[in-house]
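S.K.: Chain order of the listed sequences is A and B.
In my numbering, each number is its position in the first sequence, counted from 1, plus 322.
In my numbering, each number is its position in the second sequence, counted from 1, plus 221.
Calculated from the structure, these hints are not laboratory results.
Just so you know, even glycine gets a beta-carbon here, dropped at the ideal spot from N, CA and C.
Keep in mind that the hints are not guaranteed to be accurate.
Unchecked claim - Computed beta-carbon distance windows for the label pairs: (1) A/Arg643 with B/Lys323: 41 to 47 Å; (2) B/Trp417 with A/Leu616: 37 to 43 Å; (3) A/Gly444 with B/Lys293: 51 to 57 Å; (4) B/Asn391 with A/Met502: 36 to 42 Å; (5) B/Met344 with A/Val427: 39 to 45 Å; (6) B/Ile309 with A/Glu494: 54 to 60 Å.
Unchecked claim - Derived pair list, reagent style DSSO-like, types lysine-lysine, alpha-carbon separation capped at 27 Å: (7) A/Lys482 with B/Lys393; (8) B/Lys323 with A/Lys397; (9) B/Lys236 with B/Lys350; (10) B/Lys348 with A/Lys392; (11) A/Lys492 with A/Lys600; (12) A/Lys565 with A/Lys392; (13) B/Lys350 with B/Lys247; (14) B/Lys323 with B/Lys381; (15) B/Lys381 with A/Lys464; (16) B/Lys323 with B/Lys348; (17) B/Lys293 with B/Lys381; (18) A/Lys600 with A/Lys565; (19) B/Lys263 with B/Lys348; (20) A/Lys620 with A/Lys646; (21) A/Lys620 with A/Lys565; (22) B/Lys424 with A/Lys464; (23) B/Lys348 with B/Lys247; (24) A/Lys371 with B/Lys393.
What the hints assert, rightly or not - Chain A stretches covered by chain B per the calculated footprint, using a threshold of three residues with CB under 8 Å from any CB of chain B: (25) 452-462; (26) 568-582.
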Amino acid sequence: MEKLKKDHQLTLSVSPHVRSEETTSRIMWSVSASLLPATVMGAYFFGPKAVLNVALCIIASILSEFLYQKGTDRKITVNDGSAFLTGLLLGLNLPPTVPFYIPIVGSVVAVVITKQLFGGLGYNVFNPALIGRAFLLISFPKLMTIWAEPTAAFIKLDAKTTATPLGILKEEGVAKLLEMFGDNSNLYLQLLSGHRAGSIGETSAIALLLGAAFLFYRGYITWHIPVSFLGTAGLMAWAFGAKGAFFAGDPIVHLLSGGMLLGAFFMATDYVTCPSVKAGQILFGAGCGFLTMLIRLKGGYPEGVMFAILIMNCFSPLIDRGFKTKVFGAKKEVKK
Amino acid sequence: MANTADTVNYLDLIKNGIIKENTIFKLALSLCPSIAVTNNLKNGVLMGVAVLFVQTMVNITISVLRKFIHPKVRLPIFMLVISGWVTIADMSMAAFVPDIYKQMGLYIQLIVAFASILARAEMFASKNKIAPSMVDGIGMGLGFLFALTVISFFRELIGKGSVWGYAIINAKPLLIMILPAGGFFAVGILMALFNWIDIRYLKKSATASH
Chain A
323 MEKLKKDHQL TLSVSPHVRS EETTSRIMWS VSASLLPATV MGAYFFGPKA
373 VLNVALCIIA SILSEFLYQK GTDRKITVND GSAFLTGLLL GLNLPPTVPF
423 YIPIVGSVVA VVITKQLFGG LGYNVFNPAL IGRAFLLISF PKLMTIWAEP
473 TAAFIKLDAK TTATPLGILK EEGVAKLLEM FGDNSNLYLQ LLSGHRAGSI
523 GETSAIALLL GAAFLFYRGY ITWHIPVSFL GTAGLMAWAF GAKGAFFAGD
573 PIVHLLSGGM LLGAFFMATD YVTCPSVKAG QILFGAGCGF LTMLIRLKGG
623 YPEGVMFAIL IMNCFSPLID RGFKTKVFGA KKEVKK
Chain B
222 MANTADTVNY LDLIKNGIIK ENTIFKLALS LCPSIAVTNN LKNGVLMGVA
272 VLFVQTMVNI TISVLRKFIH PKVRLPIFML VISGWVTIAD MSMAAFVPDI
322 YKQMGLYIQL IVAFASILAR AEMFASKNKI APSMVDGIGM GLGFLFALTV
372 ISFFRELIGK GSVWGYAIIN AKPLLIMILP AGGFFAVGIL MALFNWIDIR
422 YLKKSATASH
């Protein structure tokens, strides 16, 4: 009997039998790498203080994950890069000049409350970085809305503060925005390059698109969420963006400003918190775009990407349920 | 928990109300006031005291009347008794602490609808003698008071940096903790902490196999 086993070397294992090279940590580190251009542009425009804040977020995220898992006798999964990515995303979503304790508080909320208390990576209902930011925005409404003017001079320490393009759009209208930036083409150009006030990593559209292109190339994200997100938002901006007239708004300003691109490509596409069925992802993206524009145009906040994604996160399980594919060969349920 | 025997351990009844069947931390009942009125310690404690009073008096009343209440109409009768005592609490608070009553008057009236009070009337007071019923009411009320005190203490401390209205911490507070959203955070975290302590330290035998 013993001999037979050895001779035949039958390997028995449960499925899956074909495994991909991809691992969670590989994806996490790749996504982090794809955010590098945006981080560099943030550092270039907002100086060492911004770099320090992003670094603080990353360190605090990793540390709080490590300490929580150590304290609760769990397997320590700091190496999989998810805490690093959460910290990086949170950092890129903060205004450049926040005091040092804000990144720390935000990271602890993001990692411990949003992720670990729900059971760790894969079980969280909401995007951790966004919950961290929402917590901070509600806790420190003043500090979280001080926007430094981009200086493009790395050594200059005391930056002036100003309003974000969306803030101006909300408070004073599109005419003031054009006055500030000169003409339309200059406005688009500045929005593309990132020479504008905003969160550290959200300003440079080119850098974000570059990172997104990398993610598409590697197949880590598909078109479903970003396209439906940006498409719906653009459509709404075009239809309802202008006061007094329909279909006269400027969708490009809305798509390029605020956290729209960062949210559509890097936050809404989070594997854990978005639906896993492709058709459902389109609905999810459209919901995000719709809510974002609803908040931007009608809500109290100038920017709505964060709340839109968080609200749609709640619906992910429901959407998955609605779009669940039928099991092949299964019989139709008989109604009693 | 039907302690119908004559020898009732009163200490156990109190303990049961505070720890084993803590209204908020264990049964997760009456969460609405635990979030709505706990943004400062004063409100939290007063709400707890009001519930302690109503719970105890309802239990006594139901226990006294338990032989006269026809089982088929017991729930309306319980509700009448409860609303009677809530009205007394409500009017007394309006008379003696009008400032605080202005902030939380609605929630005092809402005590009528607390599941925990009706549940104790139905499960305990209608089956037990007066003394155990009273002690049970005190225990459950103390448990509620304890939970509200802890929650509101932390929410006021973190959200405003003060305790009972006196400033303690001279730093930027976490504003979210005194907003409704922070109430969910506070209740959730404290509930987890309470149960963790309970499992880890108060029920040692149960975790021996872990």
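S.K.: Taking the earlier hints as the rules, which of them does this structure contradict?
M.R.: Numbers 8, 10, 11, 12, 16, 17, 18, 19, 20, 22 and 26 - these are the hints that the structure violates, sorted from lowest upward.
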